[in-house]
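A.B. asks: Spelled out from the first residue to the last, the chains are:
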Amino acid sequence: MNGTIQAPTIEYALLSPMLIVFGAAIIGVLVEAFAPRYLRKSIHVPLTLLALVGAFITTILTALNGLPDKAAAMGAVAVDGPSLFIWGIILVLAFISVLLINDDEQFVAQASAVPGSTDEEEAVRSGFAQTEVYPLALFAVGGMLLFPASNDLLVMFVALEVMSLPLYLLCGLARRRRLLSQEASVKYFLLGAFSSAFFLYGMALVYGYAGSIELKAIADSLSTVTGQDTLLYIGTAMLGVGLLFKIGAAPFQAWKPDVYQGAPTAITALMASTVLVAAFGALLRVFWVALGGLEWNWQPVMWGVAILTMIVGAVLAITQTDIKRMLAYSSVAHGGFLLTGVIAIGTFAQNTQALSAILFYLAAYGFTTVGAFAVVTMVRDAGGEAGHLSRWAGLGKRSPVLAAIFAFFLLAFAGIPLTSGFFGKYAVFAAAVSGGALPLVIVGVVSSAIAAFFYVRVIVLMFFSEPAADGPTIATPTLGTSAVVALAAAATVVLGIFPQPVLDLADQAASALFIR
Amino acid sequence: MPWLSILMAVPVLGAVGVSLTKSDKLAKQLALAVSLVVLALTGVMAAQFNPSSATRFQFAEVYDWIPRFGVHYGVGVDGIALVLIALSAVLVPIVILASWHDADGTGAAAPPKRSVKTYFALLLVLEAMMIGVFAATDVFLFYVFFEAMLIPMYFMIGSYGGAQRSYAAVKFLLYSLFGGLLMLVAVIALYVIADKGTFMFPELVGVIQDPNTQKWLFLGFFIAFAVKAPLWPFHTWLPDAAAQAPAGAAVLLVGVLDKVGTYGMLRFCLELFPDAAKFFTPLVIVLSVVGIVYGAIVAIGQTDIKRLIAYTSISHFGFIALGVFAMTAHGGAGATLYMVNHGFSTGALFLIAGFLIYRRGSSQIADYGGVQKVAPLLAGTFLIAGLSGLSLPGLSSFVSEFMVLLGTYERYAVPAIIATSGVILAAIYILWMYQRTMTGPTAESVKGFTDLNIRERWVVAPLIAVIIALGFFPKPVLDVINPAVDQTLSNVHVDQFTPAVADKKGAGQ
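For the record, the sequence lines run as chains A and B.
What the first sequence shows, in the working numbering, is residues 15 to 530, in sequence order.
What the second sequence shows, in the working numbering, is residues 120 to 628, in sequence order.
The hints are simulated quantities; they were obtained by calculation from the structure and are not laboratory data.
Do not take every clue at face value.
The calculated lysine-lysine pairs, modelled on DSSO-like cross-linking and capped at a C-alpha distance of 27 Å, are [stated by the list, open to error]:
1. B:K492 <-> B:K566
2. A:K411 <-> B:K232
3. B:K141 <-> A:K411
4. B:K397 <-> B:K290
5. A:K230 <-> A:K84
6. B:K397 <-> B:K315
7. B:K141 <-> B:K232
8. A:K411 <-> B:K144
9. B:K232 <-> B:K290
10. B:K315 <-> B:K334
11. A:K411 <-> B:K290
Everything numeric in this text was worked out from a predicted model, so none of it was measured.
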């Protein structure tokens with residue numbers, strides 16, 4: 015010991031997307047503190063969008079500069095192909111979700127006012143707005159960027175919390191049906207806190223086994239440490255619980271419908287698309303990088319989870335009468351389809367195929383999801399969005415273009431050819447078949463068929479039923495909302511007809527798998 | 120010249136044009152014009168087709184579509200695909216002309232006015248997909264068309280059909296989707312197991328050797344096709360869908376879409392999995408024969424004209440599947456010819472029944488009677504179409520049914536004999552329906568009927584002409600079909616059965 019401490023090296027260029035997003039979020043907080051109320055929104059919106067664009071551009075530049083061969087920030091953050099691809103998806107999806115958030119009708123005037131109180135009326139009358147939404151969303155996006163890129167469990171846990179805490183808050187900010195929204199927020203927070211605790215405990219146990227929280231060290235320890243298997247198994251299971259909770263895999267899916275329904279729809283769009291992407295990135299990193307050598311042990315459990323998730327998602331969706339709850343269960347089912355890809359681990363070639371399939375699926379699904387929720391925000395009753403499915407009857411006659419686009423999104427969810435959803439599903443199932451998971455794929459197509467039933471039911475309602483006399487009105491979309499719908503529809507078409515460029519990108523991203 | 124791509128592009132562009140037109144009338148005229156252009160192009164292409172050519176798939180085009188999955192945009196036709204494309208191209212303009220008022224909200228049943236443009240645009244999109252599905256030489260491309268073509272048909276039934284339309288549309292879609300998804304598993308597994316890195320059909324023939332693998336893959340494909348065709352016991356969606364669909368859509372549904380099922384059996388099930396096909400032949404033959412007899416008996420009991428015609432089709436699909444799986448030259452050629460003939464004669468039946476229903480507003484047989492006296496042309500053409508349906512010699516279906524029975528008898532005598540009873544039952548259901556609706560005292564509600572108008576005559580005349588022409592002189596079509604069927608059977612490696620008496624194949628020649 016000579017008393018000098020080596021300063022840690024930080025690769026600022028590699029981390030710049032995250033730094034930009036977090037930096038903009040902090041500036042956003044300062045704006046909240048110092049800018050006058052009437053100026054805030056006009057500062058926040060460009061700031062947020064610029065930050066996301068800037069982060070996206072730096073992500074691309076990083077990718078063009080060639081991938082680093084070792085993890086950044088002293089091995090804490092792995093900026094590799096999958097990370098960059100996932101960042102790209104998250105940033106684009108976040109960008110279009112922010113366009114959707116930029117709609118005052120969605121959010122409560124003053125979150126602290128008790129629902130139905132005079133305070134609330136006062137806040138509405140004086141035109142208050144919770145502009146904290148923007149910095150909160152940026153913090154969440156920053157967490158999402160870090161989550162799938164973290165190369166040790168502690169960073170991953172921090173990222174998980176940075177991602178989740180703003181989302182818990184955002185869920186409670188719906189302007190209409192505020193009690194439902196606050197209930198969703200509390201539910202999400204409580205269950206989320208539980209799952210984080212599971213994750214943390216699992217981390218502790220794995221540390222007890224491996225003596226390290228670095229993914230690489232854990233992977234190495236699998237072959238060297240003996241006699242501590244119980245610690246490892248319980249730890250693995252608990253890490254799995256924490257991650258599967260975020261994905262909404264059965265049996266940890268209970269929060270999804272409530273939260274999706276209660277949250278302001280723009281936030282639901284953000285969550286439904288980006289959180290799934292980030293969580294799958296993290297899941298893959300933990301199970302493939304750290305616990306890849308343990309595949310014989312976790313694969314059977316994952317089989318069960320995948321089967322349960324697909325079936326629970328598809329079957330429970332049938333019984334739903336609220337459009338957002340239905341989409342929530344549909345997202346559960348899609349999580350199950352994606353899990354079939356996670357299981358398809360094997361040789362190197364097999365892994366890259368499965369990984370690129372998952373990446374493509376996430377991109378395809380994310381766009382369609384944002385688009386679908388954007389349409390949901392536009393169908394309104396006197397008391398807010400017309401959530402109940404019966405209110406959607408005859409929408410095809412009232413507003414054919416909107417209904418046709420929504421029907422198209424539903425067909426993409428159902429995986430009909432010539433939509434992006436089909437190729438996503440195909441890619442994942444093909445990877446699973448070549449990975450030897452044929453029975454899983456059969457369960458997958460059977461639940462796809464079940465799922466098709468409820469997607470089709472909505473189409474039947476919209477197009478083949480007579481409109482109700484006092485049906486919902488279609489809000490004239492703001493520029494942002496129409497842009498979101500148009501972008502999502504375009505992505506769904508293009509990925510459904512010419513998926514090759516994006517497949518190539520995903521292939522490239524997956525070609526070297528994860529760095530350790 | 121990329122004939123097949125042009126054939127698909129023209130209706131798609133036409134559909135876009137139709138949906139952009141300002142007036143309903145213009146939309147109809149444009150749709151008709153586009154479909155006639157497609158027909159003309161098909162005619163020119165068919166004239167250049169060389170049946171005796173050594174290249175199996177002619178007018179072939181192969182481009183990479185998704186290299187990552189080994190998927191090509193691969194199209195090309197042999198004789199079997201060509202006649203089915205021709206069938207589609209002929210039927211679509213006829214259907215468009217026949218459906219002139221389907222979406223108008225006119226007619227005795229006073230259906231609500233619906234979007235005319237959408238209806239005709241959907242028809243044209245469907246035409247492009249029908250051509251695509253028969254032309255695809257890439258298994259994946261075939262699957263894409265196979266599934267995607269459900270969507271326009273779903274909307275045609277669901278938006279423009281009868282009272283129970285949404286139930287029928289959903290049932291149709293879910294049955295077909297379920298079958299299709301099982302096929303998707305088989306398609307994926309085929310790709311993975313073949314390990315060729317391509318989905319091109321010619322390169323996949325004969326690759327799967329393991330008998331057990333063949334059996335599972337065969338089942339994946341076969342169930343999808345059996346639902347589509349439909350074979351007994353997968354048929355229950357058809358009567359609902361056909362009865363609720365507008366008459367024009369019903370023609371395309373039963374006349375062309377369902378043929379994709381039998382076409383798929385002949386092209387994919389037999390050639391890709393020959394050993395499994397032979398293994399499952401007894402099962403398929405039993406299903407076919409049960410379907411023939413069951414469909415016919417149930418048809419006799421129907422009280423709804425369109426349902427009745429739908430059940431007769433189930434019986435006829437039994438014959439087609441029987442011919443396909445007999446794996447003889449006569450059987451295969453007969454089955455292919457049957458697909459074409461059935462399209463025309465059932466198409467004529469549905470369309471004329473549609474005219475009848477348009478006048479009266481009911482599809483119940485009991486609501487009619489004595490139509491012949493007030494509308495002799497309508498009744499007469501209905502009778503001719505019906506007689507073709509029951510395989511009267513001299514009308515087209517006879518040739519094909521005879522060939523199927525002959526081809527089956529060569530290998531499986533007992534099933535062929537049982538299947539023959541379908542011919543007799545056919546006489547009962549057709550003639551009894553004719554008797555109840557057209558003959559006898561003119562019912563009160565039928566008194567005001569007008570006979571076929573000019574438009575309707577233009578619809579019926581080509582169909583009747585084709586039915587009679589193919590009944591007397593099927594040789595041109597058989598000349599196109601026979602080499603393709605021989606090629607198929609040689610890939611299946613069946614020993615050709617050479618009957619002692621007949622020295623030339625093609626009974627209708």
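A.B. asks: With a cut-off of 27 Å on the C-alpha distance, tell me whether K397 (chain B) and K290 (chain B) pass.
C.D. replies: Given that 27 Å is the threshold and the Cα spacing comes to 32 Å, the pair is violated.
A.B. asks: If you draw a straight line from the CA of K492 (chain B) to the CA of K566 (chain B), is it 27 Å or shorter?
C.D. replies: 9 Å, holds
A.B. asks: Does K290 (chain B) lie within 27 Å of K232 (chain B) when you go C-alpha to C-alpha?
C.D. replies: 24 Å, holds
A.B. asks: Check the hint pairing K411 (chain A) with K144 (chain B) against an upper bound of 27 Å on the C-alpha distance.
C.D. replies: 21 Å, holds
A.B. asks: Between K397 (chain B) and K315 (chain B), is the straight-line Cα distance small enough, at 27 Å or below?
C.D. replies: 25 Å, holds
A.B. asks: Keeping to a limit of 27 Å between CA atoms, is the pair of K230 (chain A) and K84 (chain A) held or broken?
C.D. replies: Status holds; Cα separation ~11 Å.
A.B. asks: Measure nothing beyond the straight line between the CA atoms of K141 (chain B) and K232 (chain B); if it is 27 Å or shorter, mark the hint as holding.
C.D. replies: 16 Å, holds
A.B. asks: Below or equal to 27 Å on CA atoms is what counts here, so check K141 (chain B) against K411 (chain A).
C.D. replies: The given pair, whose Cα atoms are some 18 Å apart, holds under the 27 Å limit.
A.B. asks: Is the Cα-Cα distance between K315 (chain B) and K334 (chain B) 27 Å or less?
C.D. replies: Holds. K315 (chain B) to K334 (chain B) sits at ~20 Å (cutoff 27 Å).
A.B. asks: Next pair to validate is K411 (chain A) with K232 (chain B); report whether the Cα-Cα distance is within 27 Å.
C.D. replies: Roughly 11 Å between the alpha carbons, so the hint for K411 (chain A) and K232 (chain B) holds.
A.B. asks: What's the verdict on K411 (chain A) and K290 (chain B), does the C-alpha distance respect the 27 Å limit or exceed it?
C.D. replies: Roughly 22 Å separates the two Cα atoms, so the pair holds.
Against the hints set out earlier in the document, a violation occurs for number 4 only.
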